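Engineer: Below, each chain spelled out in residue letters.
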Amino acid sequence: MLKFNDISLRNKLILMQVFTSVVVFGIVFGVFIITDANSYKQRKVDSMVSIAKVLGTNSISSIQFQDPESATQMLQELQTVSPEIIRSEITNKEGQVFASYSKAGTETFSIPQILHGKSYSFVAQQLFVSNPIKSNNEVIGNVYLQVTLTELQRIKQYKYELAFILLLVALVFSFLIAVLVQGYLSTRLLNLVNVVRKIRKTGEITKAVEDKGKDEIATLIQAFNKLMDEIRENQKKKDEFIGIASHELKTPLTSIKGYVEMLNMLEQDPQKKQFVKKALNNINKLESLVKDLLDVSKIQSGQLQLEMKEFNIDELLNETVNASQMVSETHRIVKQDSPVNEMIYGDRQRIEQVLLNLLSNAIKYSPGENTVILETEKTEKELIIKIRDYGIGVAPEEQTNIFERFYRSNKVAVHISGFGLGLYICRDIINRHSGRIWVESAGKGSVFNFSLPLKHSPIQQIHA
Amino acid sequence: MVAGSLTGTISAQNAQQEANLKAAFIYNFTKYIDWGSYNRDSLFIIGVAGDSPIMQSLNAIAAADRINNKRVIVKSINTGADIADCDLIFISNKCRMSLNYILSKTRPGVLTVSEQPGFAEAGTALNFVVVNNRLKFEANLKAISAAGLKAGSQLLKLAIIVD
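Protein chains in written order, with the numbering used here: chain E, 1 to 464; chain H, 1001 to 1163.
It is possible that some hints are incorrect.
Subject to a maximum C-alpha distance of 25 Å in a straight line, what follows is the list of computed SDA-like cross-link-like pairs (lysine to any residue) [claimed, not checked]:
| # | chain 1 | residue 1 | chain 2 | residue 2 |
| --- | --- | --- | --- | --- |
| 1 | H | K1157 | E | T57 |
| 2 | E | K236 | E | K298 |
| 3 | H | K1157 | E | N92 |
| 4 | E | K236 | E | K291 |
| 5 | H | K1157 | E | V81 |
Source of the hints: derived by calculation from the structure; they are not laboratory data.
All values derive from a computational prediction rather than experimental measurement.
With the rest of the complex left out, here is chain H (with noise of 0.2 Å):
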């Protein structure tokens, strides 16, 4: 667990302590999310839109842990080709492509994770925010279920949903 080790507060961390309190977060996420009958292969696969510091934290998350008990990789996403595999894509707000184009390409079974208000309301399953300099996360319900997966209520009760 990696989020337990980091403080709560966000307004003075620098980037890549930011960067790391979200990795844990979206590490967090996979073990409430339930992907059903998709992520039937052998590996989990996380794809990062745009340059972000994420990158290395993610990685050092796939070096540690498993996810659904799987090997977890993590890949840069530069075309929407790349999203094809993935089981699960951060768009950070480094993000060049657009938001609609991403969600265009990407098939039911993958998890979405932004990190730009409005985000949500736009279509990602789930999209951090902060909320009284903590950092917290809002859902999107049809987004998800639409995506074919179903978030565990013990995440939920966290979460901000948004329409």
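Bound-form chain E, shown alone (with noise of 0.2 Å):
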């Protein structure tokens, strides 16, 4: 069932005013109807009681001088004139009929009993009407009416028929004005909706919201980009933080490294170079991290340079597969299907570092296994690149999101290091070069996919 919450706030205001008319008018056109209905019946009473007083006095002389003909003429006189008084009787002083005259057909009875002492009565669509015969302050008898109100069922039908169709216009005019009142205040709140969800969806805080009211909503927005705006501060400083830190730290880093490699180099002794070759370990790593830092702020500030050049992609397969190799312990990586045979346009060494990366996260998150496939796909445009391993695989909500800045997965038992950003870089530097890159995961193991664009050269030599 629809819940009125789930309504757009748009399509609320068109409802609210929309019901609130149609309320409103109900209501008026009711009490028009009740109203109109209740005055007719009242013109109708105030008329017949005149009719009876007329009869009633045109009448003594009859009852006076026992002539029921002429006052029965005088009522069959009558049902000509007002056809609606279907019957008409006159009583002398005992309540005994006098003159009597109905229309045919109409059911006989006594007129006096559905009255009770009343001067007038509505009973099923039909007014009965009672008056004295006075003579000299003395009553001598009663003239009874019975009236149908076939009019005023007529009139009632006319007038609901009428303020059904003024309903129905007043639905479609609310309507047409709700629809464009409501743009007045909806469009600005939607406005502002679809800023937010823009941010939601990119990440990118874009230029501040535009509204030009004074009211609560112009509040809200004001304090929507006041927000944005300390975000994009907070944002930029963040940024200039890590740029200036990666560049800080990679100078004294570059220099221990240095150092520590010739140490590598000059120590014969097997237990202290065991120990330097332990440092040198984390130094890399450490460089690694630090690298990572660099080309992350490099993306912020849009200084990542791309050296575009066309090069064989077999050769860099093989390359980042045999170098992936050595340093993993754990896992065989093997490289399926036949040579791609084509050439790439693109900055090799960043397709490279892609590539490293991925291979290296399919070996950290796939602990206890053994093997990582590299495939390789060909169509019309593009080539496709597959990783796959065997591990612990990317819950399906978490897909997009491993490809942001920072993002670390939390469902993730095991503790993996790293900043989060290796994903975020590989994502750069594809869409630089107009791939694409995914990830497909069904619960075990997952596999990282990335395109490259095929433009079909000639192979060149491989080079030596």
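Need the complex rebuilt from these two chains, each delivered in its own frame; the hints are there to steer you.
Structural biologist: Spelled out as structure tokens, the structure:
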């Protein structure tokens, strides 16, 4: 069932306005019809009482001189003048019928019994009226009239139809007005909502939301803009900090690495050499972290430059597989499929960075397994490279988030070190090559895919 | 109101009941007759010619009701002179005087009521007749206006008009 809260703000505003006007018009028309019917009834009562009075006055002498024929004739004539009077009766002082006339087909029942002493009464769409006949302040009889109110039914019917049509017209108008007016409120709110949605989707804080109003919505928008300004400012500071920090870290690190490498070459004592090697390993890890930070900083500030040129992809794939294999003591890295035999136009070093990153991730996130598979798939327009592992996989709700900056999976039971920048850098590099990067994972194991556009250039000689 | 309590047919009634009905009619006639400038004194005098049971009926009305807001006196007419101070005279079928004699003695301002066929044509203002066993009355418009009286339309619409 549709809940009121599920309806969009725009439709809610329209619905409320239309509902309000329907209720108001409904009440107005209802009152209008009731008042109209009542005033018609009152007028009918007044006119029938007048007729009864005239009849009474004119039948005084007939009663006094015991001449029912003349009274009957009068009632008969009345019928031709007022056809709505379907029965008329004159009784004498004792309540006996002195003269009466009724239209053919009229049910005869005692009017005095219906009236119960009242001067008029509405029963079953009929009006009953009685009026005493007085002569010298002495009641000498009564006039009774039975009147059909078919005209009232007709009038009511007409008024109902009219009210219904007017209600429909009002409905259409209030809908149109609501559609026009709601925009004034909802457009501004929806504008804000759209901006929020966009920010949530892209993570990019765009320009301030514009609004000229001075009401609560304007306050909300101003607060939102201010908040966004602060966030943007903080982000900028953070990016600046990362840039400066990574630069400042890199310089001494390079120097440390140089000296430790030298020490590694010079050291002969196996015990000491082992310590030096461990130190060098960690220096390399630290260096790659600092490099990642530097890359992110470059990406953020738009300083990441690609050196585009054509290179042989098979060469690169073999190199990276071998390099990764040398580092890994636990996993075997298998390259499947025949050579691609294609030249790729791109930054060889950066593509290598992506491959190494994905391969090292595949090894990191599949502890206890022993195989990582690299596959290629060639289509008309692009080359797809797939790195498959049999590890812990990626939950469906995380599959888009893992490419964000500093995203660290909180679903992963095993602790894996890193800043969570690798995939972010990979995505940026691949996007700059007009390619796509995505992950496929169903529970156990995952496949990281990236595509590169193919130009189908002739293969150059493999350099030695 | 007396007439209302009586039934309309007269065939099954005895003479007294008929007299009561006629007396009630006479009483009701007075409500529709305008005496104009006549009948200025404080009494309304009804004269009855002939020994009729209507005397008793009229006396009963005189005791109970007023005519034109005046006390009602009922008296018997035996000679032409008795007519002089009457406002209404009833010429019963027992009357021994001739109609012409009575009419000749009647001055303007007196309503003449009779109860024999042809009397209205002969000159009385109102005359009782029985039609289809019902008591009706004839009205002679010339006689009424000659007497200087005015009859109401509600009365005349029920009357059988004669010349």
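Engineer: State for each hint whether it applies.
Structural biologist: Taking the hints in turn, this is what the structure says about them:
1. Straight-line distance between C-alpha atoms of K1157(H) and T57(E) comes to about 13 Å, which keeps the hinted pair within the 25 Å bound.
2. Among the hinted pairs, K236(E) with K298(E) is consistent with the structure: their alpha-carbon atoms are about 13 Å apart, no more than 25 Å.
3. At roughly 19 Å between alpha-carbon atoms, K1157(H) and N92(E) fall within 25 Å of each other, so this suggested pair holds.
4. Distance check on the hinted pair: K236(E) and K291(E) sit about 20 Å apart at the alpha-carbon level, within 25 Å; holds.
5. Note on K1157(H) and V81(E): the hinted pairing holds, with a Cα-Cα distance of about 20 Å set against a maximum of 25 Å.
The structure fails none of the hints (numbered hints given earlier).
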